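Chains as they are written, first to last, in the numbering used here: chain D, 769 to 824; chain H, 856 to 1077; chain B, 14 to 259.
Any given hint could be a false lead.
To be verified - Here are the simulated EDC-like pairs of lysine to aspartate or glutamate, each with C-alpha atoms no more than 16 Å apart in a straight line:
(1) H:Lys857 / H:Glu944
(2) H:Lys857 / H:Asp977
(3) D:Lys814 / B:Glu245
(4) D:Lys814 / B:Asp164
What the hints assert, rightly or not - Incomplete in silico selection of chain B near chain H, CB under 8 Å:
(5) Ala171
(6) Asn182
(7) Ile185
Claimed, not checked - Simulated DEER-style distance windows between Cβ atoms:
(8) B:Ala43 / D:Lys814: 23 to 31 Å
(9) H:Ala1055 / B:Val85: 19 to 27 Å
(10) H:Glu981 / D:Val793: 42 to 50 Å
(11) H:Val896 / B:Gly44: 48 to 56 Å
(12) D:Phe785 / H:Asp977: 26 to 34 Å
(13) B:Gln246 / H:Gly1047: 32 to 40 Å
(14) H:Gly1047 / B:Ala43: 51 to 59 Å
(15) B:Leu40 / H:Asp877: 53 to 61 Å
(16) D:Lys814 / H:Ala876: 47 to 55 Å
(17) B:Val85 / D:Val793: 19 to 27 Å
These are computed hints drawn from the structure, not numbers from a lab. Quick caveat, the model's predicted, so the values are computed rather than measured. Where is the CB? At the ideal position from N, CA and C, for every residue including glycine.
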Amino acid sequence: MIWNSLGDFIAMGGYGFYVWGSYLVTAGLIVAEILLLRARRHAVEKSRQAQALLSE
Amino acid sequence: MKRTLRVIVLRDLLLAMRRRADVATTLFFFVIVASLFPLGVGPEPKLLRAMAPGIVWVAALLASMLSLERLFAADYADGSLEQLVLAPEPLVLVVIGKVLAHWLVSGLPLVLISPVIALQYDLPAEAIVTLLLALLLGTPLLSLIGAIGAALTVGVRGGGVLISLLVLPLYVPVLIFGAGAVDASTIGMEAGGHLSILGALLLLGMVLAPWATAAALRISLE
Amino acid sequence: MKLNWFKYASPVTFYPLAGKLIPWFALAAAGLTLAGLYLSFFVAPTDFQQGESYRIIFIHVPAAWMSMFIYVVMAAWAAAGLIFNTRLSSMMASALAPTGALFTFIALWTGALWGKPTWGAWWVWDARLTSELILLFLYIGFMALHAAIDDPRRADRASAVLALVGVVNVPIIYFSVKWWNTLHQGASVSMTMAPKMAATMLLGMLIMALACWMYSIAAALARVRCIILEREQQAEWVANLSREST
């Protein structure tokens, strides 16, 4: 184990801002992409069901 | 083949002459943009001399790009573009003719007025010569690459700005080597290498770009 | 057994296949990410020169690799759509673009956050970062062109031509930017001067890259399913789909 404590881990030798700024933003963007995809899927589902009802 | 080329070029030149204002605006845009930069960065001669190659080239890029819409728009509007695509003459040849006419009207004037701009920035004489040569090699390439963007966006809303977005990344190598050539001359070094690469890019563009443009035109006109 | 390669080239058959594949790729992505992050933060040693800030490399480099890889794959699908005139190929290209653009942005963002502590500036005009920026513009151009054209087939084909023109130009752009960079800045500032690769560092990067790859496939498959449904709304098979959860 490289880190002596959780504090050390978060501080990242003084570079915490940069390291976590990178990883957290990346994670956030990936999550955002997944959420946007889900939203798109919901929208298509709604429209598809409406379409199916119409054509009955 | 030569006859088709001649006919297309002369037709486009004639049409351009009828709308001389369009042609002149490209030229004036170039001059205005180049004149704006000193107002933005200050009149310090050394700074301006250092920035001049980049500024002149970016201004030329932007001016060239603004005139791209005109390449196919008018013909598309009145239906003659469709006729040109359907004509038995090879579309690649038609494209080369139109690009040549476009360059004569929008690119060549930039080349010719560039020494004046260069003097505004106090570029040394060798650099002015290099600038002329670089623009002479570069502006046709800008027209060739730009034609692809123009063909892809024929009749599309938001065409002008969209063309810029599509075409500017592709202009980057031309900018780098064109400005690099003039930069080298300004500090007294050899510009031959840059100009050679620019020439090579131009040859590559002359072979590939009309073909891509023709394909794009066919797609746009289905 | 006669393999019909084109069996899945139709949206009807590809749709359920994609649906079955997504969970596997998502799982692989999650697993690899955990393994990669573990290596990156708990196994790879501290760098002598750059301290802990170098750990950004474990997301920066994989993101950059993916941004370029996805562009090429996207162009390949676009070419397939042009050559074989298959709708699905073009849909795959459109499905890949946003994910590719995302990785390009991540590469730029993490590059900036790496550059600041290392070289003191939020942005350095190093050849690779500048090329990444231009790649982002190429992605945006592709998506903008597709969005601007109303007719889907014309949009597919036009953006395909653009993608192919882009893919041909990317090496030219990269080399001209590289040349420009060495001329103007000298070798003092360069992302290529990465810390000497301990084996664990390289392994960490590779695993993270694989994780990004698995993720990209899952995201692209999910997106292409949306695109299929959106574009094939009129088809009967779409109407007959039983209600599915996301």
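> Are the Cα atoms of H:Lys857 and H:Glu944 separated by 16 Å or less?
Replying inline: Since the Cα atoms of H:Lys857 and H:Glu944 sit roughly 11 Å apart, the hinted pair holds (cutoff 16 Å).
> Given a hinted range of 26 to 34 Å, is it respected by the beta-carbon distance of D:Phe785 and H:Asp977?
Replying inline: This hint is violated: roughly 45 Å between Cβ atoms.
>> Just to be careful, I want the Cα atoms of H:Lys857 and H:Asp977 compared with a cutoff of 16 Å; is the pair within it?
In response: Distance of about 43 Å is beyond 16 Å: violated.
> Measuring from the C-beta of B:Ile185 to each C-beta in chain H, is the shortest one below 8 Å?
Replying inline: 5 Å, holds
> Do the Cβ positions of H:Ala1055 and B:Val85 conform to the proposed distance bound of 19 to 27 Å?
Replying inline: 24 Å, holds
> Should the hint that B:Ala43 and D:Lys814 are 23 to 31 Å apart at their CB atoms be regarded as holding?
Replying inline: 29 Å, holds
> Do B:Gln246 and H:Gly1047 keep their Cβ atoms within the hinted range of 32 to 40 Å?
Replying inline: Check failed, 60 Å falls outside 32 to 40 Å.
> Do the Cβ positions of B:Val85 and D:Val793 conform to the proposed distance bound of 19 to 27 Å?
Replying inline: 26 Å, holds
> Does B:Asp164 lie within 16 Å of D:Lys814 when you go C-alpha to C-alpha?
Replying inline: 23 Å, violated
> Do the alpha carbons of D:Lys814 and B:Glu245 lie within 16 Å of each other, as the hint requires?
Replying inline: 14 Å, holds
> Honestly, do B:Leu40 and H:Asp877 meet the 53 to 61 Å range at C-beta?
Replying inline: 59 Å, holds
>> 47 to 55 Å was suggested as the range; check whether the CB atoms of D:Lys814 and H:Ala876 agree with it.
In response: 51 Å, holds
Violated hints for the displayed structure, listed by number in ascending order: 2, 4, 12 and 13.
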